[in-house]
Amino acid sequence: MSEEMQKLFDERLGRYQAAIALEPTDRIPVAPGSNYFAETYGGNTNQETIYDPDKWLQGELAFAGAFPEFDVLRDNRIYGPLFDAVDLKTYKLPGRDLSPRDQFQFAESEYMLVDEYDILIHSPMEFLFDRWLPRILGEFGERGSMRSYVAFLKGGMAYMQAGQIMRNRAMVLQDRAGMPQPMAGFFLAPFDVLADAMRGLTGTLMDCYRQPDKVVAACDVLVDEMANLALATADPLKRWPVFVPTHKATFMSPQEFDRFYWPSFRKVLEIVIGAGHTVRAYLEGDWGRHWHHMLELPKGKVLCDIDNEGDIFKAKREIGHHQCLAGGVQDSNLILGSPEKVREQVKYLCETVGKDGGFIVSGGCNVPYTAKPENVRAMAEAVMEYGRYDKSVKPLPRPAPHGAIHASSFPRMVTPWSVKKAEVGGVMGDEDLIGKPWETLESMAYVWLWQWVL
Amino acid sequence: MDELAEALRDLEEEKVHQLLEKKIGAGVAAVEIVRTLNEGMIAVGERFSTCEYFISQLIFSAEILKAAMKRLEPLLVGADTGLSAGKVVIGTVKGDIHDIGKNIVVTLLRGSGFEVIDLGVDVPAEKFVAAVRESGAKVVGLSALLNFTYPEMKNVVESIVGAGLKEKVRIIVGGTPVNEDVRAFTGADYYAEDAVAGMKICKEIYA
Numbered sequence: 002m003s004e005e006m007q008k009l010f011d012e013r014l015g016r017y018q019a020a021i022a023l024e025p026t027d028r029i030p031v032a033p034g035s036n037y038f039a040e041t042y043g044g045n046t047n048q049e050t051i052y053d054p055d056k057w058l059q060g061e062l063a064f065a066g067a068f069p070e071f072d073v074l075r076d077n078r079i080y081g082p083l084f085d086a087v088d089l090k091t092y093k094l095p096g097r098d099l100s101p102r103d104q105f106q107f108a109e110s111e112y113m114l115v116d117e118y119d120i121l122i123h124s125p126m127e128f129l130f131d132r133w134l135p136r137i138l139g140e141f142g143e144r145g146s147m148r149s150y151v152a153f154l155k156g157g158m159a160y161m162q163a164g165q166i167m168r169n170r171a172m173v174l175q176d177r178a179g180m181p182q183p184m185a186g187f188f189l190a191p192f193d194v195l196a197d198a199m200r201g202l203t204g205t206l207m208d209c210y211r212q213p214d215k216v217v218a219a220c221d222v223l224v225d226e227m228a229n230l231a232l233a234t235a236d237p238l239k240r241w242p243v244f245v246p247t248h249k250a251t252f253m254s255p256q257e258f259d260r261f262y263w264p265s266f267r268k269v270l271e272i273v274i275g276a277g278h279t280v281r282a283y284l285e286g287d288w289g290r291h292w293h294h295m296l297e298l299p300k301g302k303v304l305c306d307i308d309n310e311g312d313i314f315k316a317k318r319e320i321g322h323h324q325c326l327a328g329g330v331q332d333s334n335l336i337l338g339s340p341e342k343v344r345e346q347v348k349y350l351c352e353t354v355g356k357d358g359g360f361i362v363s364g365g366c367n368v369p370y371t372a373k374p375e376n377v378r379a380m381a382e383a384v385m386e387y388g389r390y391d392k393s394v395k396p397l398p399r400p401a402p403h404g405a406i407h408a409s410s411f412p413r414m415v416t417p418w419s420v421k422k423a424e425v426g427g428v429m430g431d432e433d434l435i436g437k438p439w440e441t442l443e444s445m446a447y448v449w450l451w452q453w454v455l
Numbered sequence: 124m125d126e127l128a129e130a131l132r133d134l135e136e137e138k139v140h141q142l143l144e145k146k147i148g149a150g151v152a153a154v155e156i157v158r159t160l161n162e163g164m165i166a167v168g169e170r171f172s173t174c175e176y177f178i179s180q181l182i183f184s185a186e187i188l189k190a191a192m193k194r195l196e197p198l199l200v201g202a203d204t205g206l207s208a209g210k211v212v213i214g215t216v217k218g219d220i221h222d223i224g225k226n227i228v229v230t231l232l233r234g235s236g237f238e239v240i241d242l243g244v245d246v247p248a249e250k251f252v253a254a255v256r257e258s259g260a261k262v263v264g265l266s267a268l269l270n271f272t273y274p275e276m277k278n279v280v281e282s283i284v285g286a287g288l289k290e291k292v293r294i295i296v297g298g299t300p301v302n303e304d305v306r307a308f309t310g311a312d313y314y315a316e317d318a319v320a321g322m323k324i325c326k327e328i329y330a
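Chains B and C are the protein sequences, given in the same order.
Quick note on numbering: the first sequence equals residues 2 to 455 in my numbering.
Quick note on numbering: the second sequence equals residues 124 to 330 in my numbering.
Heads up, a few of these hints could be off.
Short derived list, chain B residues pointing at chain C, Cβ under 7 Å [said to hold, decoys possible]: (1) ASP103; (2) LEU206; (3) SER333; (4) LEU337; (5) THR371.
Here are the computed lysine-lysine pairs in the DSS-like style, where the Cα-Cα straight-line distance is at most 25 Å [claimed, not checked]: (6) C:LYS277 x B:LYS373; (7) C:LYS138 x B:LYS215; (8) C:LYS277 x B:LYS342; (9) C:LYS326 x C:LYS189; (10) C:LYS250 x B:LYS93; (11) B:LYS437 x B:LYS422.
These aren't lab readings, by the way, just hints derived from the structure by calculation.
Glycine included, C-beta positions come from ideal geometry on N, C-alpha and C.
Let the sequences and hints guide you as you build the complete structure.
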């Protein structure tokens, strides 16, 4: 990386990290989590974004060149060939199931039956292999068939390819545009695991009335699974937060949230934060009745994306002194509004929510695909004009914090080395040379199996 | 209020089923029972309006009602319910496959006595136009979750105008990414902030 790019990268990352930590910065960061607008900025279709890594990267480089005010640029978590290799049922993809210029969409259905809680609770891996995976991975539908074996093989290889693509992209954006990531790695709140890709929203809500104890027990079982997913996929250097999109809390009453959603979610957050990471939580919908719980977590560790329906001014009053907030620029304004209107909105945000720091300018939860370029420009320029603090403050990227990881719980795997070693009765030479790679591959395979919850 | 309506309002699922069987056993006309259930659903809607209930509770009430209606269906065959509060055409616009919000609206409307023509998801403009023309509905509801559907909503409105139906039907837009600005952009008549607001607009139109 050139010296110039290194400087830019450090400036942006330092600013982003300081804002999350509620510490002083030179200006309000322009740091949306998801930047859909950038994904297709090169004129590429949405299909090309997820199927042609090079076209997508060129589009993002063009964006980074045209909008240097942005402090981060997210990678795209979907790599089409990986989903195709296993025939993932939970997504509709542009160019495959949708028109090439449409947005990918999540397809909710009942992939776990109403009477399958006990098996999930008592034997999660058996549940995965016998019930859930055959339903959501079409190519694994006929277990034991030739196709089902090849599906896992292809899926594993495609996963490695996807990792390579994402790493390469991050390196190119870093080296050529000085652009850090807004987040890396992901997990879900345990309740969302159930309500997104397993029982579906209606099913899970009915279960909350009809078999509430099972829902709570299942969420508890999923705590370690989600923590494992988060820790395994997070940035090992802990430079940027781990991402958790929340989906179903917005539909719940405070009583339901407090009983079914929060306790297990809080446990996962505590493990991830305890391990030295920060978290970027996309609070989908209106979290106004729930977000006070963010006060229970350590200060400056959870960056909260406030969605279009949430009241970011209320959020500022209630949790803004404890966690950093992102958002404020309405999607509809970016898509339908004028540069003047966007500028006005950003100015107001800078003077209110952003007044004392702890604020990141972003769309409701992303920069929309169909945002007008002149409006995105107006957003960035307005931050340069109204979002300045003290020029002399130059926060540097911080060293990776140490954290405690419960060695007994993580990383999780199907067959730990100790089991295999007992089976083969020990090895002749250096055991680490054999046992460590064994466990690395085991834990990667384990993550592969659980990634489909998202 | 009848205790069946109360049980539905209070989301007491078991009790609703017991009272339903009791009424059927006592020979109460199915049409009469439906009317009672409608009362219960209207009370649920009111609790939602006053923030006593949340979307989860709307969804649960809808599920209880669905099961009750399924039980009553055979008893309603051929009966003129005389209940129709009006016809409403509804669907998620083309390009979007989400239906949680739309389904809540559908159940609330049906629960309040409306006859709903539910076109499903990913509905092209011409299908909305045909449904409005064939049903003679005075209201059409356009739903969406994704914000790239604004132009498609506008397209549906323009298609309805182009088909000469504008004077005959009022158009409501609703869903997560919709607000007053979006309504103005699409040219729709109303913006419904939530499911209960949408139901109230339908009632106004048919009043």
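Evaluated hints:
no. : hint                : verdict
1   : ASP103              : holds (6 Å)
2   : LEU206              : holds (5 Å)
3   : SER333              : holds (5 Å)
4   : LEU337              : holds (5 Å)
5   : THR371              : holds (5 Å)
6   : C:LYS277 x B:LYS373 : holds (17 Å)
7   : C:LYS138 x B:LYS215 : holds (22 Å)
8   : C:LYS277 x B:LYS342 : holds (21 Å)
9   : C:LYS326 x C:LYS189 : holds (21 Å)
10  : C:LYS250 x B:LYS93  : holds (22 Å)
11  : B:LYS437 x B:LYS422 : holds (12 Å)
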